[in-house]
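Student: If you want the building blocks of each chain, they are given just below.
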Amino acid sequence: MLTSYSLALKHLSLNAGAGVTNISIGSSLTMFDMHNFRDGMNITPSTNLNPNCSRYMIGRAAILDDFKYIVSLDQESPYHDVGYANIQYYLEDVTKAMMLAILDGDSKRTTNVGIGSSYAKRKIFFNSLYKERYRDTSIKPWVNSGIGWTATHSIVNPVFVSRNNNVAIVTTSPAHGLSTSFDDWGIVMNLNTGIATSFNISTSTYPNGVPITIIDANTFSYSNMGINTAPTIVTGTADVKVGWGGSSINLHLYFT
Amino acid sequence: MSFNWPDIPFTGAEVEAFVDAYKGLAESIYENWDNEALSNGYGISYLENPFTNKNVVKELLINGLLYSSFIIKQRSGGGGPGTNFDLSSSPHRPPLSTEEKEFIIKKLGCVFDPEEMRDAWNENTGGNPPPRLDDAVEDLLDELFENGPTNPENQDNEGCDLTAKEQGSYNLTQQTIPVSLSGDPLIRTKGEVLRAYLSCDNDVFTENDLPPFQCGAIKGALQAFYNETSNEQVSEQGNVLRRDLNLNDEQKAQYGASPTDTVHSFNFYNTWGENRDLRTLFGTAIVVVNSSGQVVRIVDDFDFVYGREIDRSDGSVAGSAYNNNQIIDGLCYREHWVDSDGNCVPVGTPGAVPEPPRTPQNIRDENSNAFAAGQVGRWIVATAKENNRGKPVPINLNLSNC
Numbered sequence: 000m001l002t003s004y005s006l007a008l009k010h011l012s013l014n015a016g017a018g019v020t021n022i023s024i025g026s027s028l029t030m031f032d033m034h035n036f037r038d039g040m041n042i043t044p045s046t047n048l049n050p051n052c053s054r055y056m057i058g059r060a061a062i063l064d065d066f067k068y069i070v071s072l073d074q075e076s077p078y079h080d081v082g083y084a085n086i087q088y089y090l091e092d093v094t095k096a097m098m099l100a101i102l103d104g105d106s107k108r109t110t111n112v113g114i115g116s117s118y119a120k121r122k123i124f125f126n127s128l129y130k131e132r133y134r135d136t137s138i139k140p141w142v143n144s145g146i147g148w149t150a151t152h153s154i155v156n157p158v159f160v161s162r163n164n165n166v167a168i169v170t171t172s173p174a175h176g177l178s179t180s181f182d183d184w185g186i187v188m189n190l191n192t193g194i195a196t197s198f199n200i201s202t203s204t205y206p207n208g209v210p211i212t213i214i215d216a217n218t219f220s221y222s223n224m225g226i227n228t229a230p231t232i233v234t235g236t237a238d239v240k241v242g243w244g245g246s247s248i249n250l251h252l253y254f255t
Numbered sequence: 000m001s002f003n004w005p006d007i008p009f010t011g012a013e014v015e016a017f018v019d020a021y022k023g024l025a026e027s028i029y030e031n032w033d034n035e036a037l038s039n040g041y042g043i044s045y046l047e048n049p050f051t052n053k054n055v056v057k058e059l060l061i062n063g064l065l066y067s068s069f070i071i072k073q074r075s076g077g078g079g080p081g082t083n084f085d086l087s088s089s090p091h092r093p094p095l096s097t098e099e100k101e102f103i104i105k106k107l108g109c110v111f112d113p114e115e116m117r118d119a120w121n122e123n124t125g126g127n128p129p130p131r132l133d134d135a136v137e138d139l140l141d142e143l144f145e146n147g148p149t150n151p152e153n154q155d156n157e158g159c160d161l162t163a164k165e166q167g168s169y170n171l172t173q174q175t176i177p178v179s180l181s182g183d184p185l186i187r188t189k190g191e192v193l194r195a196y197l198s199c200d201n202d203v204f205t206e207n208d209l210p211p212f213q214c215g216a217i218k219g220a221l222q223a224f225y226n227e228t229s230n231e232q233v234s235e236q237g238n239v240l241r242r243d244l245n246l247n248d249e250q251k252a253q254y255g256a257s258p259t260d261t262v263h264s265f266n267f268y269n270t271w272g273e274n275r276d277l278r279t280l281f282g283t284a285i286v287v288v289n290s291s292g293q294v295v296r297i298v299d300d301f302d303f304v305y306g307r308e309i310d311r312s313d314g315s316v317a318g319s320a321y322n323n324n325q326i327i328d329g330l331c332y333r334e335h336w337v338d339s340d341g342n343c344v345p346v347g348t349p350g351a352v353p354e355p356p357r358t359p360q361n362i363r364d365e366n367s368n369a370f371a372a373g374q375v376g377r378w379i380v381a382t383a384k385e386n387n388r389g390k391p392v393p394i395n396l397n398l399s400n401c
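Residue numbers (numbering that gives the first Met the number 0), protein chains in the order written: chain W, 0 to 255; chain S, 0 to 401.
Any given hint could be a false lead.
Here are the simulated DSSO-like cross-link-like pairs (lysine-lysine), alpha carbons at most 30 Å apart as the crow flies [what the hints assert, rightly or not]:
#1 53(S) <-> 130(W)
#2 122(W) <-> 53(S)
#3 130(W) <-> 57(S)
#4 189(S) <-> 251(S)
#5 251(S) <-> 130(W)
Sample of chain S residues with no beta-carbon within 10 Å of chain W, all distances over it, derived [claimed, not checked]:
#6 33
#7 228
#8 275
#9 324
#10 355
FYI, nobody ran anything at the bench for these hints, they're computed from the structure.
Since we're looking at a predicted model, the values are computed, not measured.
We treat Cβ as the ideally placed atom computed from N, Cα and C, and that holds for glycine.
Model the full assembly from the supplied sequences, consistent with the hints where possible.
Tutor: In structure tokens, the structure reads:
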């Protein structure tokens with residue numbers, strides 16, 4: 000495997016999307032990096048391989064009966080550069096698929112290895128990486144309820160929303176009841192009318208909601224693009240979801 | 000090929016049980032790959048493209064163990080390496096070789112400012128392929144057509160025989176290798192209908208022209224589209240995904256529908272259609288659904304605004320047989336307007352503006368990238384039009400028994 004790919008697979012997430020990186024140059028090169036999943040709420044596998052390139056590579060491989068043109072990590076191809084960022088995304092996809100296959104129930108917040116045959120677990124692993132139209136929606140992780148990935152944890156009632164600098168703050172009544180011991184809460188907002196609908200979350204884009212930060216017993220915040228909005232009375236509901244993690248899944252790295 | 004597992008620096012009963020289960024499952028995935036990863040009996044992979052290579056997935060499995068074990072450690076509670084910035088406890092402290100340091104510094108761009116360095120890194124290492132696609136395209140064309148695609152001896156534009164380039168494109172759609180996008184049943188079907196168009200075979204294309212797996216895939220995609228949409232639902236692209244048509248029994252019969260069936264107009268020019276490969280085959284179509292909610296028929300005319308179309312002003316409906324005198328030039332070559340996406344649309348379409356009739360050369364110039372999505376097909380169809388070739392193909396698929 001190329002050294003650069005090997006480094007990428009060791010979570011050298013030197014970009015803002017995958018972690019926090021600090022670099023200092025003193026008597027030697029030192030780097031600090033904090034790794035987490037790029038998307039801590041979802042499980043949808045990556046499809047960011049350029050489709051035209053992909054089609055070309057596959058066509059070439061088929062016509063020439065030479066499979067060296069399929070994605071490979073072993074050589075520097077003049078035709079196809081997987082990209083180190085993409086390698087990290089694929090690693091996350093496979094990591095999530097393995098946890099879904101191995102862990103009990105919905106695989107969230109648990110450490111228990113699930114009961115089941117190796118064959119059944121392989122089915123879940125592959126099902127997690129299938130193209131959308133081929134997914135088996137009768138087994139994990141795509142079932143709609145229960146152990147399904149997008150199953151709703153609870154429903155809360157927003158009564159006020161506001162937005163400042165693209166951060167939405169939601170006040171609920173009664174209290175939302177979400178424990179601050181966990182950092183993997185997500186939300187799907189379903190508000191009813193007027194400007195309130197600009198706070199809603201599209202489940203086609205975010206099937207398991209967007210991550211939230213709990214402020215106190217009655218309020219939480221989440222990133223939400225839009226104009227600054229004073230506290231506004233709203234009606235509707237919000238589905239609470241759970242993503243990856245637990246107390247924290249930030250893995251800290253250090254190189255010198 | 001054995002797995003070279005990394006050492007796991009986390010301890011505890013939960014972690015150990017997980018690591019054992021992980022290793023066992025990963026190795027069984029690899030051992031059973033050939034029987035289980037490719038799944039429909041026709042060599043067509045259900046997996047997303049990056050995961051179709053067994054050896055790539057193996058590397059990802061090996062490298063996924065450490066972080067997933069860390070998550071289990073965190074979930075089980077307690078401290079340990081990797082959980083904080085106590086540098087002595089980091090699980091990753093590989094000493095960098097001179098070459099690795101040189102690599103990193105080089106990619107960082109030697110600009111000693113954190114923001115600049117991050118930007119330089121992203122630019123130098125991230126990004127999407129392919130850096131040399133143009134060269135690759137040229138190589139492929141040379142190999143596809145042994146004596147070169149520009150050799151006049153390889154051009155065959157007489158009659159309705161396929162040219163070498165058309166045959167090559169058709170072959171690409173018919174591959175059934177394990178990881179093939181081109182093995183997609185809907186793309187295979189499109190290849191077959193396009194071949195009929197270019198071969199001037201305008202017989203109605205029916206379910207009898209399809210093997211069962213292609214017929215089933217089309218029905219499955221349409222059923223999913225129907226199940227997940229509602230009347231007048233608007234797509235993210237702003238067009239109406241589905242319209243439920245209010246037809247009398249006689250009108251229904253024209254589409255092969257019984258009085259108890261319902262008839263719907265589907266529009267696949269949106270993400271919904273794109274994700275199911277329906278856009279590339281049908282564009283828009285009429286779909287018949289029975290009283291049980293099952294899709295039972297689809298009718299459409301496989302014709303082109305940048306090629307040739309069927310004139311249905313005689314009252315005949317899409318998907319039915321027609322006479323050669325109903326073949327007309329595509330809309331782009333007639334008086335038309337153009338919408339904001341550059342598509343030829345009928346005169347008077349809201350939001351569109353007038354545009355002079357185009358020529359096949361115009362179409363080819365606009366679609367000269369041989370590997371951009373859809374451009375090869377448009378290039379071929381426009382060239383066929385210029386050579387007075389191509390007959391639209393009515394599609395009328397009875398999906399009841401697929």
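Student: So which of the earlier hints does this model not fit?
Tutor: Structure breaks hints 5 and 8.
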